[in-house]
Amino acid sequence: MKLAEKGFTLFEVLAATALAGIALVVILQLFSADLRALAASDDYVRASAKADEKLREIISGDLGIRTWAETTDDGHRIDCSVSPVLAERTAGLTAGLYEIVLTLHWTSGSKERAISLRTMKTAGRNQ
Numbered sequence: 431m432k433l434a435e436k437g438f439t440l441f442e443v444l445a446a447t448a449l450a451g452i453a454l455v456v457i458l459q460l461f462s463a464d465l466r467a468l469a470a471s472d473d474y475v476r477a478s479a480k481a482d483e484k485l486r487e488i489i490s491g492d493l494g495i496r497t498w499a500e501t502t503d504d505g506h507r508i509d510c511s512v513s514p515v516l517a518e519r520t521a522g523l524t525a526g527l528y529e530i531v532l533t534l535h536w537t538s539g540s541k542e543r544a545i546s547l548r549t550m551k552t553a554g555r556n557q
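Throughout, this note's numbering is defined as the position within the sequence shown, counted from one, plus 430.
What the hints contain is simulated information worked out from the structure, not anything from laboratory work.
Hints may contain errors.
Below, computed lysine-lysine pairings styled on DSSO-like, alpha-carbon distance capped at 30 Å [what the hints assert, rightly or not]:
hint	residue 1	residue 2
1	K436	K484
2	K484	K541
3	K436	K480
4	K480	K551
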């Protein structure tokens with residue numbers, strides 16, 4: 431009667447180790463990509479909140495037809511323009527329709543990022 435072989439061969443151990451290494455690398459890359467996506471998402475959420483805050487500030491004040499740019503204390507650049515829309519259709523009315531476009535720029539790592547918000551508002555002609 432022949433004794434059964436016990437244990438693994440060297441080739442089986444090397445193959446199992448190689449497969450485990452490949453699986454570990456793939457899992458770590460997935461975590462790394464997920465962390466990068468979370469950081470980018472956080473940047474966009476903060477930027478959209480800041481842009482929304484600035485847009486609400488502009489809407490609540492006197493509009494006036496103008497274009498301007500400013501840089502905030504935390505390094506964001508804001509470009510904004512207020513322009514009349516459908517002026518010929520609203521010429522006989524006491525209120526006009528204005529389009530407000532606000533673009534917020536920031537730097538994330540070595541890349542320039544931007545988010546734009548657009549809205550419209552009716553306002554009196556004297557604004």
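* Against the structure shown, which of the earlier numbered hints fail to hold, in ascending order? -> Hint check: 1 and 3 fail, others pass.
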